[in-house]
Amino acid sequence: MTDDGGGLPLEDLEALYREHYEPVVRLAHVLLGDRGRAEELAQDAFVRIAPRLGAIENPAGYLRTVLVNLCRDDGRRAARAKDHPAPVARVAPEPPVPPTSTAVWAALQSLPERQRVAVTLRYYLDLPDDEIAEIIGSRPATVRSLVHRALATLKEAVPHA
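Residues are numbered in the working numbering as their position in the sequence shown, beginning at 1, plus a constant of 38.
The hints are simulated quantities; they were obtained by calculation from the structure and are not laboratory data.
Each hint should be verified, as a subset may be incorrect.
[Stated by the list, open to error] Derived pair list, reagent style SDA-like, types lysine to any residue, alpha-carbon separation capped at 20 Å: (1) K193 <-> R115; (2) K193 <-> A145; (3) K193 <-> W143; (4) K193 <-> P150; (5) K193 <-> Y162.
Between the sequences and the hints, there should be enough to build the whole structure, so can you do that?
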């Protein structure tokens, strides 16, 4: 059974979803700090790539790229709407952050967006510099610089972690 858009068979899309949904939700959660919004953007990422899946060489990598871009756009929208925040309906409360992780979580959320994305992709998903550079649209040397600055900031913010 195939989809109507000429993409991959629906079974392949379902397999991609089963294998990568939770990892991309966790990635978005780290980037955004909001589990509910992370779930919404993860679903949006799957919807956006579904019509093109048949032509994509690395669907998981492309999915991460789309997700990071959606998170970036969401952050920009939130910054513009800061004066007029819309109410957020939550399906379930966010799981609590363990007390031992609170300082690290807060420090990570306080990093500039590109640093937070680079360090998250490096240490959370264990991606190489080349793939991170492709996702964020920069050079590998820039990725190394972003990660270095992020780690320095995190070490200052959480010296005993």
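Here is what the structure says about each hint:
1. K193 <-> R115: Given pair K193, R115 is violated - Cα atoms ~30 Å apart, limit 20 Å.
2. K193 <-> A145: holds (9 Å)
3. K193 <-> W143: Since the Cα atoms of K193 and W143 sit roughly 13 Å apart, the hinted pair holds (cutoff 20 Å).
4. K193 <-> P150: Given pair K193, P150 holds - Cα atoms ~15 Å apart, limit 20 Å.
5. K193 <-> Y162: Answer holds: K193 to Y162 is near 17 Å, not above 20 Å.
In this structure, only the earlier hint numbered 1 is contradicted, and the remaining ones agree with it.
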